[in-house]
Amino acid sequence: MRDSHGPAVPTDRAISALRPLPASAARLDRAGLLGQWQERNRAATLPHCIEQLHAHGNLDNLRRVTGDTGGAAAAYAGYWFADTDVYKTLEAALWHGTERQFVADTVELLAKVQDPDGYLVSYFQLAANRDRQWAELPSSHEMYTAGHLIQAAVAAARGASGDATALQLVDVARRFADLLVRRFGAGGEDAVDGHPEIETALVELFRATGHRPYLDLAARLVDLRGHGLLGPESRFGQRAYYQDHTPVREAAEATGHVVRQMYLLAGAVDVAVETGDAELLAAAERLWDSALASKTYVTGGQGSRHRDEAFGDAYELPPDRAYAETCAAIGGFHLAWRLLLATGRARYADEMERLLYNGIAASTAISGTEFFYSNPLQLRTGHDGSDEDAPGARLPWYRCACCPPNLARLMASLHTYTATGDLEGLQLQLYAQGSFAAFGRAVDVATQYPWDGTVTVTVTESTDAPWTLSMRVPAWCSDVRISDPDAVVADGYARIRRVWRAGDRVELTLAMPPRLVAAHPRVDAVRGTAALARGPVVYCLEHAGLPGELAGAVFEDLMLDASAPIDVVRDHPIVPVALAATARVSGAADAALYGPFDAAPPPRAGATVHAVPYHLWANREPGPMRVWLPVVPPPR
Numbered sequence: 001m002r003d004s005h006g007p008a009v010p011t012d013r014a015i016s017a018l019r020p021l022p023a024s025a026a027r028l029d030r031a032g033l034l035g036q037w038q039e040r041n042r043a044a045t046l047p048h049c050i051e052q053l054h055a056h057g058n059l060d061n062l063r064r065v066t067g068d069t070g071g072a073a074a075a076y077a078g079y080w081f082a083d084t085d086v087y088k089t090l091e092a093a094l095w096h097g098t099e100r101q102f103v104a105d106t107v108e109l110l111a112k113v114q115d116p117d118g119y120l121v122s123y124f125q126l127a128a129n130r131d132r133q134w135a136e137l138p139s140s141h142e143m144y145t146a147g148h149l150i151q152a153a154v155a156a157a158r159g160a161s162g163d164a165t166a167l168q169l170v171d172v173a174r175r176f177a178d179l180l181v182r183r184f185g186a187g188g189e190d191a192v193d194g195h196p197e198i199e200t201a202l203v204e205l206f207r208a209t210g211h212r213p214y215l216d217l218a219a220r221l222v223d224l225r226g227h228g229l230l231g232p233e234s235r236f237g238q239r240a241y242y243q244d245h246t247p248v249r250e251a252a253e254a255t256g257h258v259v260r261q262m263y264l265l266a267g268a269v270d271v272a273v274e275t276g277d278a279e280l281l282a283a284a285e286r287l288w289d290s291a292l293a294s295k296t297y298v299t300g301g302q303g304s305r306h307r308d309e310a311f312g313d314a315y316e317l318p319p320d321r322a323y324a325e326t327c328a329a330i331g332g333f334h335l336a337w338r339l340l341l342a343t344g345r346a347r348y349a350d351e352m353e354r355l356l357y358n359g360i361a362a363s364t365a366i367s368g369t370e371f372f373y374s375n376p377l378q379l380r381t382g383h384d385g386s387d388e389d390a391p392g393a394r395l396p397w398y399r400c401a402c403c404p405p406n407l408a409r410l411m412a413s414l415h416t417y418t419a420t421g422d423l424e425g426l427q428l429q430l431y432a433q434g435s436f437a438a439f440g441r442a443v444d445v446a447t448q449y450p451w452d453g454t455v456t457v458t459v460t461e462s463t464d465a466p467w468t469l470s471m472r473v474p475a476w477c478s479d480v481r482i483s484d485p486d487a488v489v490a491d492g493y494a495r496i497r498r499v500w501r502a503g504d505r506v507e508l509t510l511a512m513p514p515r516l517v518a519a520h521p522r523v524d525a526v527r528g529t530a531a532l533a534r535g536p537v538v539y540c541l542e543h544a545g546l547p548g549e550l551a552g553a554v555f556e557d558l559m560l561d562a563s564a565p566i567d568v569v570r571d572h573p574i575v576p577v578a579l580a581a582t583a584r585v586s587g588a589a590d591a592a593l594y595g596p597f598d599a600a601p602p603p604r605a606g607a608t609v610h611a612v613p614y615h616l617w618a619n620r621e622p623g624p625m626r627v628w629l630p631v632v633p634p635p636r
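Residue numbers (my numbering): 1 to 636.
If you're looking for bench data, these hints aren't it; they were derived computationally from the structure.
All figures in this text were calculated on a predicted structure; none of them were measured in a lab.
Don't take each hint at face value.
Now the in silico label distances, taken between C-beta atoms and shown as ranges [what the hints assert, rightly or not]:
{"hint": "1", "residue 1": "H54", "residue 2": "L167", "range": "24 to 34 Å"}
{"hint": "2", "residue 1": "D320", "residue 2": "R620", "range": "56 to 66 Å"}
{"hint": "3", "residue 1": "A186", "residue 2": "A502", "range": "27 to 37 Å"}
{"hint": "4", "residue 1": "S367", "residue 2": "L229", "range": "37 to 47 Å"}
{"hint": "5", "residue 1": "Q101", "residue 2": "G548", "range": "12 to 22 Å"}
{"hint": "6", "residue 1": "P573", "residue 2": "A393", "range": "31 to 41 Å"}
We put the CB at the ideal spot given by N, CA and C, even for glycine.
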């Protein structure tokens, strides 16, 4: 097994422009924001997930198969894919290297529950459901469940511990994967799962073990999708919901259930780079472009339709109805990482950054133990949060609890996404305080990013040969300064190539003035509004913390005065950097629901308001929030 610490690691034979750092070569300092998030995940989120697995019956579901609790006839808890919450939590524990008793007990339980042929999905192993195995692939999530088991095993394989528990988990996962190869591989049944995920898991298992049939099955599953194998009566009457309407290579736009689309494309990229399939890689990039061009919120979130957790039409991006599922953002992050490795293009790291600081980070409370499933960009006064899909506050768990353990596994492995390295040099992709090394070169990074745009890189180890230090210049930055006169800024990176010595230092400064962002004119839902941003962080205005001058004003009547300056506030009580802007109260309260088309009443006197990062909303008292603020036009 390869000595590598990361969820996605192309083989040396892969067509890949960049390489992840090897084991233990990336370390996040707890003094930085990403290090703080990772530590919160280890100390709070992961133990919380384990507690919830016990409390909500996920582990008991597995025990019921062997009759160890409640007997085989006892009620099954949760959805038929509830095992995946166990596997994602297990993966998180393995990346962290903690919660060893939970890991050992769970792996032992899985080995006991697994059928002799390798099958392991507890819902369909109960006596009442055994005859339904593999019979309901549009909705059964059986391969999806196998995929998350496999990814937990990959984490075990790459943990470099080599202990008996890790080896046992790999054996369990391989037995299930071998069953899939026998049943659905070449010469077997032509079928796909309604929920993609197995594709990328199989490729990673191939990368970890070198067993080619896993890669071949992944490639086969990618090519089988889009041929109507899931049946004519697909969910919501649309094959596009499953991306089963058009083969991946021919599809022109991202459609359907967002998480399914992101996971399918991640698997397609994995297959493409390992098989040298340029056509498949180009198709994945084309579908990525289609989503980014007209179906992505300013936070990086995707999915505007609650009914099917799906993409809407082009430019259908209502802020208050944003579904923007947390798992979709995580899937987009995983896809962007794979495209970055495959192509070396900075725009994919840019999107990882946008997702991480906005669409993903907003899902988790400061405590690390409450979460959003959907992530709206506006919450109205008097919002009815009784629907679990659109709560007004984060919840500790969900009936469909896919998001919390998915967050746990991402944050546990977050350090592996920050930098890349190869024989040519070291590339810093996501700025974080910490240490990063590759091929005999190592650097320390000191920064308070994203609150401050200064990034200081100090070389701590080097070779005698020249190499290139590459530092990403985000697309949002129009003013970049670098202390080294030999730096070349091009294609989204500042690159310096020379013979480096320990102690050499470079300072990169990315100007971060507050800015107003406008949406494309075709996004009808936010015409006449603007969003506040600084650096990679999108801000929002909450009712919480409004000044006394606006007491009694209806939150929806506030308007942003675009002619007034926007100041940076560094002494805010809940965030290192808030933005001070001027808000005015519109005359909307005096208007009828419908009336003659004439000029709106002029706005009233204004007051200074503090906007906070979107990812921190709903950490104070409950109340309305919005990212897109109506704008008072500047005076002519």
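Evaluation of the provided hints:
{"no.": "1", "hint": "H54 with L167: 24 to 34 Å", "verdict": "26 Å, holds"}
{"no.": "2", "hint": "D320 with R620: 56 to 66 Å", "verdict": "20 Å, violated"}
{"no.": "3", "hint": "A186 with A502: 27 to 37 Å", "verdict": "53 Å, violated"}
{"no.": "4", "hint": "S367 with L229: 37 to 47 Å", "verdict": "44 Å, holds"}
{"no.": "5", "hint": "Q101 with G548: 12 to 22 Å", "verdict": "52 Å, violated"}
{"no.": "6", "hint": "P573 with A393: 31 to 41 Å", "verdict": "19 Å, violated"}
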